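Chemist: Please put together the full structure from these sequences, using the hints given.
In my numbering, the protein residues as written are 1 to 140.
Rather than coming from a laboratory, the hints here were simulated on the basis of the structure. Each hint should be verified, as a subset may be incorrect.
Claimed, not checked - Computed Cβ-Cβ distance ranges for the label pairs, DEER-style: (1) M117 <-> G49: 41 to 51 Å; (2) S18 <-> K103: 42 to 52 Å; (3) S18 <-> Y130: 35 to 45 Å; (4) E139 <-> L97: 14 to 24 Å; (5) N50 <-> D21: 21 to 31 Å; (6) L134 <-> E84: 16 to 26 Å; (7) V71 <-> A109: 42 to 52 Å; (8) R22 <-> R113: 30 to 40 Å; (9) G115 <-> R61: 21 to 31 Å; (10) R22 <-> Q123: 47 to 57 Å; (11) Q69 <-> P125: 32 to 42 Å; (12) R22 <-> S137: 35 to 45 Å; (13) G92 <-> S46: 17 to 27 Å; (14) N126 <-> L11: 39 to 49 Å.
Model, not experiment: these values are computed from the prediction. Cβ atoms here follow ideal geometry from the backbone N, Cα and C, with glycine treated the same way.
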Amino acid sequence: MGASTGENQILSLSFIGSAIDRVRQWSKAGLVMEPDSSTFPVVMDSPFGNLDEIYRRQVARLVPLLANQLVVMASQTQWRGEVEQEMQSRIGREYVLTFNSPKPDCEEASIKRYGQMYPLLRQSPNEFEYTEILEVSHEH
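Modeler: Shown next, in the form of structure tokens:
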């Protein structure tokens, strides 16, 4: 029987972590030309998607240790709960991706962050389909 999707996701994250760690070791030993591995951000799209609650918590706790700069893209359902609890104190900046749909029957959706509502899906003001990046204010 093959590995589940969640098990494959853990395996991939483990591989990425070990590769980054190896480059850090090489950098400290002078085997890697500058800039060192800490200069490059790690970008992850939905790293929590197929994990159960226990693995989600563990991954959320360990993923920020991979690099000095980490960009995590997660859906509203992937972020809440244990992931938000573990990563909240490590957030430098937070953004919401707002999709603007030209479809007339667009069902609008939003998310509440720090007492303020941010649109996730809304009717486009023109005939174009596009995504906007909105910075979340951490001011309460």
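Chemist: For every hint, state whether the structure bears it out.
Modeler: To see whether the hints hold, each was checked on the structure:
no., hint, in the structure
1, M117 <-> G49: 41 to 51 Å, "violated (25 Å)"
2, S18 <-> K103: 42 to 52 Å, "holds (44 Å)"
3, S18 <-> Y130: 35 to 45 Å, "holds (38 Å)"
4, E139 <-> L97: 14 to 24 Å, "holds (21 Å)"
5, N50 <-> D21: 21 to 31 Å, "holds (24 Å)"
6, L134 <-> E84: 16 to 26 Å, "holds (18 Å)"
7, V71 <-> A109: 42 to 52 Å, "violated (23 Å)"
8, R22 <-> R113: 30 to 40 Å, "holds (36 Å)"
9, G115 <-> R61: 21 to 31 Å, "holds (26 Å)"
10, R22 <-> Q123: 47 to 57 Å, "holds (48 Å)"
11, Q69 <-> P125: 32 to 42 Å, "holds (33 Å)"
12, R22 <-> S137: 35 to 45 Å, "holds (39 Å)"
13, G92 <-> S46: 17 to 27 Å, "holds (20 Å)"
14, N126 <-> L11: 39 to 49 Å, "holds (44 Å)"
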